[in-house]
Amino acid sequence: MFLKLKKTTTKLLAGIMAISMGLTTLSPVEVFAANDATINLSKKYQTIRGFGGMNHPSWAGDLTESQRNTAFGNGENQLGFSVLRIYVDDNKDNWYKEVATAKSAIAKGAIVFATPWNPPSSMTETFTKDGKKAKRLRHDKYADYAKHLNDFVTYMKNNGVDLYAISIANEPDYGHDWTWWTADEVLNFMKNYAGSINCKVIAPESFSYNKSMSDPILKDSKALANMDILGAHLYGTSYNNFAYPLFEEKGNGKELWMTEVYHPNSSSSADKWPEALEVSYHMNKALTNGFQTYTWWYIRRSYGPMKEDGTISKRGYCMAQFSKFVRPGYIRVGATENPSTNVTVSAYTGDNKAVIVAINKGSSDVNQKFVVNNGNIKKVDRYRTSGNENLAKTSNLKADSNGFWANLPANSVSTFVCDLSSTTGNNNNNNNTSNNDNNTNNNENATLKDGWYYIKNVNAQKYLQVKNNKGKNAQNVELGKGSGAKGQKWYLKNVGNGYVTLKSGLGNYMVDVANGENKNGTNVQIYDGYSGKAQQFTIDTTSSKGVYTIATKSSNGTKVLDAEKKGTADGTNVLQWAYGKDKKNQQWKFEEVK
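For the sequence shown, the residue numbers in mature numbering (1 follows the signal peptide of the UniProt record, and there is no 0) are -33 to -1, 1 to 561.
Heads up, a few of these hints could be off.
To be verified - Only pairs whose alpha carbons sit at most 30 angstroms apart, straight line, appear in this in silico BS3-like list of lysine-lysine:
1. Lys11 to Lys252
2. Lys434 to Lys470
3. Lys460 to Lys470
4. Lys460 to Lys221
5. Lys108 to Lys158
6. Lys434 to Lys448
As the list claims (entries may be wrong) - Pair ranges (Cβ atoms, derived):
7. Asn369 to Gln13: 41 to 47 angstroms
8. Asn126 to Ser33: 20 to 26 angstroms
9. Ser510 to Asn159: 53 to 59 angstroms
10. Asn343 to Glu275: 41 to 47 angstroms
11. Asp348 to Asn461: 27 to 33 angstroms
12. Asn369 to Glu304: 16 to 22 angstroms
13. Thr535 to Ser510: 17 to 23 angstroms
14. Ser510 to Lys434: 30 to 36 angstroms
Quick caveat, the hints were computed from the structure, so don't treat them as lab data. Even glycine gets a Cβ: it sits at the ideal position worked out from N, Cα and C.
Given these sequences and hints, build the entire structure.
In structure tokens:
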């Protein structure tokens, strides 16, 4: 994107003065919050896929290795990005430019998606639009264009980059400097050609979340079946238009990504304060309206999260208040969005943590009470960015099991990382309970080679499979008689530190502990692969040779995959349950697929 609309935001009203309370030393002017910020960990919304930005070597130069570490690492003085967007050049001879940074990002746990601006020139034609010369994809070249996108997917894969998704076009409704598409042309391509693309498909990536570009896809069952991710840009989009009721109605099983923006402008320094705080506010609004990713334009730019010298900007720190702590696979949960004038809150859960982001855009400090329902707090650490702070950490805030008070300085964003107590669910209907349930799993890790396996339950003598042999998010995992179906094939991949992932033969879906919970009875399903804790396991030895347990990382190895109620019938559910010594319904054999 070269030219973009400037984003305008409405200033909130000043707060009401009241009695001051709080954990920290309070400023002379302070507001007492009108309401509690209540976090409901049981009210769950979308799964967060991640945060990141665009690397465009052809237009802005490649990131250096040091800058890649700053962008995609999650240590001190790093942004914690987990999403990289790359460019599909219309000239195949330039594809090599995208490989180095993409490989580096993937090595650090990020996902990579790609967007084309133009088809190859041999596939385009000129036409007149609004009295001016313009470019479009020839209607007789749609199949060739789908092959072109497939060729890019294959090229990247052959060079060590498995793309998570590929878009069909960048801003088809803003093609002044690239290729125009009408809504009907997008629909035609999605309906009749996108199904041949061997990767998740993103569409339509409208310039300003123009619903008229995506409504036709949502209303057409065939086009919708070929769209995996609805992508949108938020240039000039008012906050009132962030919601998308038709997507909520029709988009079941589809993802919603914000695939490009810079905000609030490209003219100011990224260090200008409090203007940079608008980035956190904009991100928060996108997330509370259902977006699962938030992708900035150029990662390295004077107005971006990383300045041209490779250091993190104020805008970058405002992004990092989310990206470093709300990790891939976390789930947005219920939160009082506006507990006080000028204060905006959202909350997330994963890895046995609750993460709360609170933004105070007002000119007065606010003393805010946070109440966490359906979870017990062990510890709270705060990270804050303000005019004179960058991710400043305060450890061990005073808290009780279900809440805490915190001071929110004027013009600041605070992230509260709450460690939660591990709780053991009590399912009286599960006959798995026994005196052995609290046995410690001290068995040694086994190392199996990467490859395809059938996974057989020792007690039932039946195989781990995806219900109905259907690949989609949250599809159940169960037992079934051996059939050789794709839903019974699992690709075991060693990912380091003794952990493995198990990918389904039905596509890029991993065995997944629902919501990454550490509870007895948590269901086991498949979900889009992102390799977070919920999708990592250890294969552990038992007293029998060639027989293993599959322990979950989300429980720190204390719980394992378990055939519910020691069931042996086809369709027996598989869930997570506390390890018990010599419990055969928790034991598995790995049979190589021949």
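Hints and how they fare:
no. : hint                                 : in the structure
1   : Lys11 to Lys252                      : holds (17 angstroms)
2   : Lys434 to Lys470                     : holds (15 angstroms)
3   : Lys460 to Lys470                     : holds (8 angstroms)
4   : Lys460 to Lys221                     : holds (26 angstroms)
5   : Lys108 to Lys158                     : holds (15 angstroms)
6   : Lys434 to Lys448                     : holds (12 angstroms)
7   : Asn369 to Gln13: 41 to 47 angstroms  : violated (25 angstroms)
8   : Asn126 to Ser33: 20 to 26 angstroms  : holds (22 angstroms)
9   : Ser510 to Asn159: 53 to 59 angstroms : holds (57 angstroms)
10  : Asn343 to Glu275: 41 to 47 angstroms : holds (46 angstroms)
11  : Asp348 to Asn461: 27 to 33 angstroms : holds (32 angstroms)
12  : Asn369 to Glu304: 16 to 22 angstroms : holds (20 angstroms)
13  : Thr535 to Ser510: 17 to 23 angstroms : holds (21 angstroms)
14  : Ser510 to Lys434: 30 to 36 angstroms : holds (31 angstroms)
When held up to the earlier numbered hints, the structure conflicts with hint 7 and nothing else.
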